[in-house]
Amino acid sequence: MTITEKILAAHAGKERVSAGELINAKLDIILANDITAPISIREFNKIGAKDVFDRNKIAFIPDHFAPQKDIKAAEQCKMLREFSREHELGLYFEVGRMGIEHALLPEQGIVLPGDVVIGADSHTCTYGALGAFSTGVGSTDVASAMATGECWFKVPESMKFVYYGTLNKWVSGKDLILHTIGDIGVDGALYRAMEIEGEAISSLPMSGRLTMCNMAIEAGGKNGIIVPDDVTEAYVKARAKREYTFYTSDKDAEYVDIREYDCSKIQPTVSCPHLPSNTKAAAELSDISIDQVVIGSCTNGRIEDMREAAEVIRGKKVHPNTRMIVIPATQEIYLQAMREGLAETFVQADAVFSTPTCGPCLGGHMGILAKGEKAIATTNRNFVGRMGDPGSEVYLSNPAVAAASAVMGRIAVPEEVQ
Amino acid sequence: MILKGKVWKFGDNIDTDAIIPARYLNTSDPDELAKHVMEDADKDFPDKVKKGDLIVAESNFGCGSSREHAPIAIKAAGIQAVVAKSFARIFYRNSFNIGLPIFESDEASEKIAEGDEIEVDADNGTIKNLTKNEEYTAKPIPPFMQELIAAGGLIEWTKKRIKAS
Chain A
1 MTITEKILAA HAGKERVSAG ELINAKLDII LANDITAPIS IREFNKIGAK
51 DVFDRNKIAF IPDHFAPQKD IKAAEQCKML REFSREHELG LYFEVGRMGI
101 EHALLPEQGI VLPGDVVIGA DSHTCTYGAL GAFSTGVGST DVASAMATGE
151 CWFKVPESMK FVYYGTLNKW VSGKDLILHT IGDIGVDGAL YRAMEIEGEA
201 ISSLPMSGRL TMCNMAIEAG GKNGIIVPDD VTEAYVKARA KREYTFYTSD
251 KDAEYVDIRE YDCSKIQPTV SCPHLPSNTK AAAELSDISI DQVVIGSCTN
301 GRIEDMREAA EVIRGKKVHP NTRMIVIPAT QEIYLQAMRE GLAETFVQAD
351 AVFSTPTCGP CLGGHMGILA KGEKAIATTN RNFVGRMGDP GSEVYLSNPA
401 VAAASAVMGR IAVPEEVQ
Chain B
1001 MILKGKVWKF GDNIDTDAII PARYLNTSDP DELAKHVMED ADKDFPDKVK
1051 KGDLIVAESN FGCGSSREHA PIAIKAAGIQ AVVAKSFARI FYRNSFNIGL
1101 PIFESDEASE KIAEGDEIEV DADNGTIKNL TKNEEYTAKP IPPFMQELIA
1151 AGGLIEWTKK RIKAS
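If you read the sequences in order, they're chains A and B.
Counting along the first sequence from 1, when you hit position 209 you're at 209 in this note's numbering, and nothing is skipped either side.
Numbers in this note's numbering are just positions in the second sequence, counted from 1, shifted up by 1000.
Don't read these hints as lab results, they were simulated from the structure.
Source: prediction; values computed, not measured.
Backbone N, C-alpha and C define an ideal beta-carbon position, used for all residues, glycine too.
Hints should not be assumed to be uniformly reliable.
As the list claims (entries may be wrong) - Derived coverage of chain B by chain A (criterion: at least 3 residues anywhere in the stretch with Cβ under 8 Å from a Cβ of chain A; other residues may be distant):
#, stretch
1, 1094 to 1101
2, 1111 to 1120
3, 1153 to 1161
Claimed, not checked - Not everything, but these chain B residues come out facing chain A in the computed CB check (under 10 Å):
#, residue
4, Phe1045
5, Pro1046
6, Lys1050
7, Ser1059
8, Ser1065
9, Ala1076
10, Phe1091
11, Phe1144
12, Gln1146
Stated by the list, open to error - Here are the computed lysine to aspartate or glutamate pairs in the DMTMM-like style, where the Cα-Cα straight-line distance is at most 20 Å:
#, chain 1, residue 1, chain 2, residue 2
13, B, Lys1043, B, Glu1110
14, B, Lys1006, B, Glu1147
15, A, Lys72, B, Glu1032
16, A, Lys26, A, Asp70
17, A, Lys154, B, Glu1032
18, A, Lys154, B, Glu1058
19, B, Lys1043, A, Glu373
20, B, Lys1160, A, Glu82
21, A, Lys50, A, Glu82
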């Protein structure tokens, strides 16, 4: 069996499961945010359950339009707060404690290896980096799960992605996953598990692994997953407050497809408008002028991403025609960025350094694009209108390329500013 | 159940930001969401669409975000069903959970044009093109999805399970 099949089998009370099989699995963590939880709450109340199945396994995180950007957003956040109080949820994170959900839950040791996690947010697939089965669902699925503690799944077929060699300078997990999506397309892994491995992954830090699994959904994947190793153990052991299990894939596990990549051939990569699969080498895009740079999101808002961007922009200024917005994904990352002087580096470079929020990634607030404006962002989607006006454009990149582009006022690679 | 109406045609990879842009997600009220349905794919769509119309698209309809607001907006705009070559998995799941009928058919997607009158038999997956006098067959709906439909959606299905336990 694959790691995905083993985790699902263990949570369905079965010896084994195989691709295509329909199962009901017990859930370790269920999450929703200020956009999706209001519908979950409404639907949960229709079920007529006495209470939630387990008040310590449901995480409500107001991160999308929070800090509350307008009255309607405030009403939605209020629904989360009131429901959390009424049901005494142990994993409600008020503004000031909250961070972007997919950065916060691994950081706090709330999601762990071997877990089955669902979230009413498509980037819930992020936690596969820890060796968990984790996938995005809708609000109604979450509502049902809040009552029963279970969710139905079709066991996905698995695709294997093997990354050989060592990474080039300024190439990170973001470039590997953008390159992969460019190769297989936005539905190249539709309904499937994306199992990521290889020598380049063994030496990839947890931050890069989280970035890669985060974007499995951009290839249509049901989950991204990496077999846990020493890097995983080092990341989770100080954070976990409960037991966790490392699963591995068997040697004879079945894969519908195996893709191999030579990392020496992968350069800093950019997804051009309007699909994540529309990839080009960053170096080929130097004629694209940039109005706004966003560094943050559940994809690249971790401390390693802050450091990478700061290294490029330290001692330089954001181009006069460009604005740069840096958003650490959690309060802990924010504090660490201050301790390391990264916040000061960004502010001295004339960038904005914001409190945690999903904000501009989905065109919510804190950096919206006008018609005709172009942004380069370390976020995950560049669909039409994603960051603002339908006539604006988003290019996706790693933090170093985004920071270099801020300095040059056009898409640039870090070597150009050093 | 027979779903008969006029078709609006869309292409590949219609994402949930196009179906309902995030700038309108500070509410989950279906009627409010319906006012902006498909706006970033076709800004005039909310004005043009009429109750009873159907959407026919190509591959990977509903990709992107998990927002259930997407199928809710489509349903609340009075669109009876969506036919596509394929659906993104969260959208697929959400549609069954909230009771928006969706059908997968390569042939229907390729042959149906905007403005065609079609008739979908939701029970057997037969799609008749009344304008072109053609008939196509959708992929069968998986048994568990049929169980969900028969129960009246996921919430009703969950209610029954809780009562039974």
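**Request:** Against chain A, run the beta carbon of B/Ser1065 and see if the smallest gap drops under 10 Å.
**Result:** 5 Å, holds
**Asked** Should the hint that B/Phe1045 touches chain A count as held when the rule is a Cβ pair under 10 Å?
**Response** 12 Å, violated
**Message:** Can you confirm whether the C-alpha distance between A/Lys154 and B/Glu1032 stays at or below 20 Å?
**Reply:** With Cα atoms ~33 Å apart, A/Lys154 and B/Glu1032 exceed 20 Å; violated.
**Asked** Does A/Lys72 pair with B/Glu1032 here, judged by a C-alpha cut-off of 20 Å?
**Response** Judged against 20 Å, a Cα distance of about 12 Å means the pair holds.
**chain A covers the stretch 1153 to 1161 of chain B, three or more CB atoms within 8 Å, holds or violated** = Satisfied; 7 residues make the cut.
**Request:** Verify the proposed pairing of B/Lys1043 with A/Glu373, using a straight-line Cα cut of 20 Å.
**Result:** Cα-Cα ~19 Å, so holds.
**Message:** Need the status of pair A/Lys26, A/Asp70: alpha-carbon distance at most 20 Å?
**Reply:** 37 Å, violated
**Prompt:** Are the Cα positions of B/Lys1006 and B/Glu1147 separated by 20 Å at most?
**Reply:** Outside the cut-off at roughly 28 Å; violated.
**Message:** Check whether the Cα positions of A/Lys50 and A/Glu82 lie no farther apart than 20 Å.
**Reply:** 17 Å, holds
**Asked** Taking the least C-beta to C-beta distance, is B/Gln1146 closer than 10 Å to chain A?
**Response** Interface hint status for B/Gln1146: violated (12 Å vs cutoff 10 Å).
**Prompt:** Would the stated hint for B/Ser1059 survive a check requiring a Cβ distance to chain A of less than 10 Å?
**Reply:** At 6 Å from the nearest chain A Cβ, B/Ser1059 passes the 10 Å test, so the hint holds.
**Asked** If you look at each residue in the stretch 1094 to 1101 of chain B, do at least three have a Cβ nearer than 8 Å to any Cβ of chain A?
**Response** holds (count 3)
Hint violations for this structure: numbers 2, 4, 5, 6, 9, 12, 13, 14, 16, 17, 18 and 20, all remaining hints satisfied.
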